[in-house]
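Colleague: Protein sequence lines correspond, in order, to chains Z and V. The first sequence begins at 42 in the working numbering and counts up by one. The second sequence begins at 14 in the working numbering and counts up by one.
No lab work stands behind these hints: they were computed from the structure. Virtual Cβ for every residue (Gly too), placed ideally from N, Cα, C. Among these hints, one or two may not hold up.
Unchecked claim - Footprint (simulated), chain V over chain Z, 3 or more residues, beta carbon under 8 Å: (1) 77-85; (2) 196-210; (3) 219-232; (4) 329-336.
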Amino acid sequence: MARLGYRLTFPSYRKELARSLKRFYPLYFLFLPVFAFLILFKYVPIVNQFVLALKDYRYIDGIWGSPWAGLTHFEKVFSSRDFPIIVRNTLAISLLRLFWGFAPPILLAIFLNDLRSTLYRRVSQTIVYLPHFLSWVIVYGIAYVFISPGFGLINTWLNALGLPSVDLVTSSEWFRTIIVSTGLWRELGWSTIIYLAALSGVDPELYKAASIDGANVFRRLWHVTLPGIRPIIVFVLILNMGSIMTTGFEQIFLFQTSANYDVSDVIETWVYRRGLIDLDFSLATAVGIFQAVIGLFTILAANFLARKYTGTGIW
Amino acid sequence: MGRMSWDERVYQIIIVTVVSLCVLMVIFPIYYVVAMSLTSQAQVIENGGKFVLFPDPVTFTGYSLIFSSEWVTNSMFISVARTITGTFSTLAFTTLGAFVLSRRELPGRKWLLLMVLMTLLFSGGLIPTFLLIKSLNLLNTFGVYIVPLLLDAWGLLIIKQFIENLPPGLDESARIDGASELQLLFRIILPLSFPVLAAIGLFQAVAAWNSWFDALIYVSNTKLWPFQMVLRNILLGHSLGPDHMQRVDMYASALLVNQQSLQMSAVVVGTIPILLVYPFLQKHFTKGMLTGAIKG
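So that you can see chain V by itself, here it is in the shape it has in the complex (with noise of 0.2 Å):
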């Protein structure tokens, strides 16, 4: 594989450099988070208030505060329920709307479907959202979680483009079969779109425990609060209880743990469980999110 020319050499290190640089700059702000979170307090008063590259001892005084810490364990366990009932639930309901807006002959499909990508383009704004789920008495319960986003458009585009993809002659050969449609879906479509489902389960996912912003408009309840409401919290030094008594800056002083310490761990556990899917979401979504997104 030599390289043919003084010119291709000296581009191949110009990328390199540049591709290098990308990759340093994703990696070293994460990877100083967490030396952070596990950096003792003894080493960063003996360093003058500052962290190391090089935590040493590496100790986890920070996440067993975090951990120890009702209000967040409870926020944890709020997230993951959101994730696998938000997920399974807008999944089933967005295939549902994908199926049956996949079936070309549907008398009236192009009116339902121009419904549907209307919602992509105009929406009702903040405040009206906000009216309609205080008047369904959705405010501060969980379902306020999982209901409002039961449909997903753009999936609902993407499995419905996969399933119109399938080919043809299954639909024929059911139908001949004397299947029903309900039948069609369960035996036949949804065994072959499993790639297409993983694939918008996991963003569905991704997005599910990443969520906050709708946490911060309908959910006063601090106790329903998903992690990332709390992390923001965290972050902003108020408190690891709601009753605000233990203020993030208390532990410092207590010297158990450095203040910055003890948020970088809350971080470092809001990122894990993406670290976690992540190489599930990259088998993924080159192929089942390009062919949806590319297509004229």
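Next comes chain Z alone, as it looks inside the complex (with noise of 0.2 Å):
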């Protein structure tokens, strides 16, 4: 930009910019409804949630109006004993996810990978990709189905077992269980498309050679397969770990009852009772633009360890 303002001495400088400034006029005249709603719905929210967390909103006063708070909201969370628990639960919820759903996709798209059959895997893929596609009312629906206390079939089955049912809806024990695996349903067959991707990446002359020197299917898969998918492996899990502090609102929504708050209650749930609705406004909003700054610092200290180790990132 300063190099801008010095260019602009040279008149033929100027009559160029001129030039292309009319070229492109059209084009910012294009632009201009996205920018207006960028800086609308995007922008101006930012600013006011920063505003709006070092206030005392009040409904008359509107955002702007109302008196200046300073720090007390972020004091009142820091030091509420709901802090500390929906931390936690945010946390736990993300890394029992990654612990859990990390290994299956890579397993399965490796399987369907080497099928024989090409008709097999097609057919498999497209049954498997498709619950990602389903809302997760459907998806809670269809887990309804299984974990009901009454007529769930988990508990018919544990019964006709002889086994005493098990409460998998209003129980704390059970409710991450029950999140991990309705979660892993869901995406399982998705996540793999990015292996399938990187697998079909893999050289070829690499696994003609790996069985000339005598290594059977399985010694394949250690030395040539994992190794050969290695950085989007890790790009992956990189990628998972900037995200450890959302959790995605409508599954635990979902599931959520007020019987298993100490562990189902995750920040983003948290934020939306007590700012819709007991409409603590700008005590939300603070928790709110807690999660968004650490997010902000774990998904671009995921991108910059990615690009070192991986080559790649998101950008």
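Given two chains presented individually in distinct reference frames, assemble the corresponding complex, making use of the accompanying hints.
Modeller: So this is what it looks like as structure tokens:
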């Protein structure tokens, strides 16, 4: 931009600039609605978010008219009883998802890739991708058939085996399991896509060379396949670490019950309840900022690490 | 295609078993839900309150009750309306942005691109967005399903990438022929971009059909609710009508249909549009999405 100033002192440059602006004027005009949208719907809330959290919001005064409160809301948040619990729940669910959800897509992708019959592979892929496109309400409906306390299939099967019924819906001990399992049911197939793409990039000559050297199928898996997709594995792992502060509102909200808030309440559902139900705007916004800032930091760190260790990041 | 050795044979057995298990674990719940929706109350009772794998006779009472509820059919209409309007308007809006940002020589392009990218990293938060929507008088309107969603940042990046990868000769020849940027967009770029637009559009449509979160926050008028919101209500056992006169369990006690049967009918109805669109999704997404997503 400084160079622009220097360049503007040259008449030929000015003429050139005027000509290119004239040429690009229709493009800027076309972009105007997009620009306006970004400012209004994306950037105004960002600014308001910080202002709101630092003020004592009063409905009559609006965001800007309300009195300043400084950091009182943040102090309240960090010293409240709820806060460590919801942060713990958020991290616990994210980490459990990561732990349980990390290897299965890789394995399934490899297995799909190595299927002899292309027809069976395509059919299986089609079926297994489907749950990803179902809404969480539908997935909840399907899951409820299994986990419901009354005639849920799981309890029916347990009873048939002589075992007592288990409360899978309102209990605290099963909530995380249900979240991780239903999440896996929904996303396992879809998560294989990126690995399938990576697998197609592994040089087939390497497999031939390995088998000539006498490696059996399992050794080939370990020494050729897995190292071949190692960059993608690291990439996905790092990126998942980057979104560790988010849990996705919809699934948690649908499956949680007030009975198990001690494990099921995560940051996003807490913000929703305190902010939009209890109407404690400023407090909820303060927590929202906390999540967004930490989340931004983790995703930037993740992208940096991904670039450093695998050569690519999201940007 | 003879198997070469014992280890490969064992391997194939393992992977076919595992893949089949995964397929089964997807199919069985969906099948069971469909079966439940088609089971008559009589059969449930004679089975001790439990459902069977093969309903006989196949009864559609659940479905007819669902469709007879004005609240439910109204919400279906809302969902279809928002899917069609929303998808087209978002696609148009986003493609506009993608086209402009694909012009490499555009001064300030980097900054505009950064503006879009930033929105993916950091958002305004639940409360400030809510207050904004409120101050724009969009609460409890159909517009709240369309306007705040006009720009799909991910979609923009993917479409932009696609346009940038079109043969550069096109731009040149169009410019030589004296075409304006708009003409370039409509006569050349858009027709060529059909695959990526179809892919993004289909994803948009699925998301629109599936959405209920914005209704939860912004819409208290139950007549304006999309289908998934109503579905959630039905699953929670609440009602088939906003006045709570048609509680779901009342149907059960009237011995018309089992409560769960009714609920599963609603679930199936929510799934059908996805299933209809699914073959088209399949065709487009692996190509379109992958190139956009993996490009480091």
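Colleague: Which of the numbered hints are not met once you compare them with the structure shown?
Modeller: Hint 2 is the one this structure does not satisfy, whereas the remaining hints hold.
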